[in-house]
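Each protein sequence line maps, in turn, to chains A and B.
Take the first sequence: its letter number 54 is residue 54 in this note's numbering, and every next letter is one higher.
Take the second sequence: its letter number 182 is residue 182 in this note's numbering, and every next letter is one higher.
Hints in this document: simulated from the structure, not taken from any laboratory.
A couple of the hints might just be wrong.
[Said to hold, decoys possible] Pairs of lysine-lysine residues, derived as DSS-like cross-links and limited to a Cα-Cα distance of at most 27 Å, are as follows: (1) Lys-124(B) x Lys-125(A); (2) Lys-228(B) x Lys-125(A); (3) Lys-101(B) x Lys-211(A); (4) Lys-125(A) x Lys-113(B).
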Amino acid sequence: MDAILENLPLYWEGLLRTLFLSTVSGVIALVLGTLLAAARVSPVAALRGFSMTYVEVLRNTPLTIAFFFAAIVLPRLGVTFDQFEVAAIIALSAYTAAFIAEAVRSGVNSVPVGQAEAARSIGMKFSQVLSLIILPQALRTVIPPLINILIALVKNSSVAGAFFVLELFGYGRQLANAYGDQVLAVLLGVAFFYLLLTVPLGILASTVERKVAISR
Amino acid sequence: MTTHVPGDALVSLNGVNKHYGQLHVLKDINLNVRKGEVVVVIGPSGSGKSTLCRAINRLETIEGGTISIDGKVLPEEGKELARLRADVGMVFQSFNLFAHKTILENVTLGPIKVKGVPKAQADKEAMALLERVGVGHQAPKLPAQLSGGQQQRVAIARALAMKPKVMLFDEPTSALDPEMINEVLDVMIQLAKEGMTMIVVTHEMGFARKAADRVVFMADGQIVEDAKPEEFFTNPQSDRAKDFLSKLLTH
Numbered sequence: 001m002d003a004i005l006e007n008l009p010l011y012w013e014g015l016l017r018t019l020f021l022s023t024v025s026g027v028i029a030l031v032l033g034t035l036l037a038a039a040r041v042s043p044v045a046a047l048r049g050f051s052m053t054y055v056e057v058l059r060n061t062p063l064t065i066a067f068f069f070a071a072i073v074l075p076r077l078g079v080t081f082d083q084f085e086v087a088a089i090i091a092l093s094a095y096t097a098a099f100i101a102e103a104v105r106s107g108v109n110s111v112p113v114g115q116a117e118a119a120r121s122i123g124m125k126f127s128q129v130l131s132l133i134i135l136p137q138a139l140r141t142v143i144p145p146l147i148n149i150l151i152a153l154v155k156n157s158s159v160a161g162a163f164f165v166l167e168l169f170g171y172g173r174q175l176a177n178a179y180g181d182q183v184l185a186v187l188l189g190v191a192f193f194y195l196l197l198t199v200p201l202g203i204l205a206s207t208v209e210r211k212v213a214i215s216r
Numbered sequence: 001m002t003t004h005v006p007g008d009a010l011v012s013l014n015g016v017n018k019h020y021g022q023l024h025v026l027k028d029i030n031l032n033v034r035k036g037e038v039v040v041v042i043g044p045s046g047s048g049k050s051t052l053c054r055a056i057n058r059l060e061t062i063e064g065g066t067i068s069i070d071g072k073v074l075p076e077e078g079k080e081l082a083r084l085r086a087d088v089g090m091v092f093q094s095f096n097l098f099a100h101k102t103i104l105e106n107v108t109l110g111p112i113k114v115k116g117v118p119k120a121q122a123d124k125e126a127m128a129l130l131e132r133v134g135v136g137h138q139a140p141k142l143p144a145q146l147s148g149g150q151q152q153r154v155a156i157a158r159a160l161a162m163k164p165k166v167m168l169f170d171e172p173t174s175a176l177d178p179e180m181i182n183e184v185l186d187v188m189i190q191l192a193k194e195g196m197t198m199i200v201v202t203h204e205m206g207f208a209r210k211a212a213d214r215v216v217f218m219a220d221g222q223i224v225e226d227a228k229p230e231e232f233f234t235n236p237q238s239d240r241a242k243d244f245l246s247k248l249l250t251h
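Chain A extracted, bound-state conformation (with noise of 0.2 Å):
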């Protein structure tokens, strides 16, 4: 327990490292990850491939493997940045977005066809169909799905904590490893201040699901 208690500082430190990661990788992934949803239902053919195979590819490989080509391979070829924090970010919102465009894309799909055909009717384009009918109704059914992936995303940011950024887990395993005695007690320290983080995305969801409850 003293290891907790001496160390909180060092736990906050922590969750405010994580809730930074979990939060800029989730903004991009929700951005990537629409975008990458849109171009799968576009009308040109190249789009729906390329956003296809992206899917399907980070969908089914492990994290570390996008951890390790964002931190060790885009060096190599030319993209270097200061921190590892920032290939920590590319990965896990690479990653990240795959998830997010399936469960947009299944959501677009909960859309009942007639909307779109009477937007189309009207002369929209397709970049209005999307944001202005579809999107907005795809959003409701979406929003359960998409806290799991972000609840996901923050228990992911731990593997960055495996490539030398101090985050919440990063942090654990040098107390761990400073209070050899205490392991146990520490790791139970690192669970509380995840649930810290996630236990209140799980209360949100359930606030918004029903805010945005509509009737057919």
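Mind docking chain B on chain A? Use the hints.
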């Protein structure tokens, strides 16, 4: 079959063909609709009449032939097609009002987003249209709060808001409870009287008799007859049409 001069046609279909896999749903369709004309398309289910209607604003693609609106051939995709669609109003069997928008927004969305009409003006015109179809007092509600007949009248107002050159009706009363059919037909009859060019796929023979300039009878993907309503209903030429009408009249 009566023929019409293609020169003054607002909607013109020439040699239109379409397949759904093995099924040949539209067989070499030729149809010209002049400005101000009301054409009612009838026929047994599966005859291709809905497909024909949906092909006119390219909600269904066609494999052969051409469709032109006001002299312009329907483009494949993209901005040009969107622009042309804005000139063609469409009313669906299942209303398809935008479920997340209010009644007023359903009507103003097209003018504002597609035509760039200022919101105040769009609101004013939309309210006038909603009053005209008798649902003005429902403006702030969501579609799900309205009855089917009211929703369909809103859908007509939504299409009219784009000031279309021609209105397509794809079985507009087929999803309605019987007591609501007339309130929709009345709006359509009024529209026909005002000179709107209309292509109406329907099973409402009363509407065809009352408002149609021509009745087009389709069977098995072909136009079998094309005649004035009184001619068609009293003296159908083909066996298919005789058969179809006899089935209607026995009930």
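Here's how the hints hold up against the structure:
{"no.": "1", "hint": "Lys-124(B) x Lys-125(A)", "verdict": "25 Å, holds"}
{"no.": "2", "hint": "Lys-228(B) x Lys-125(A)", "verdict": "38 Å, violated"}
{"no.": "3", "hint": "Lys-101(B) x Lys-211(A)", "verdict": "16 Å, holds"}
{"no.": "4", "hint": "Lys-125(A) x Lys-113(B)", "verdict": "10 Å, holds"}
Checked against the numbered hints above, the structure breaks only hint 2 and satisfies the rest.
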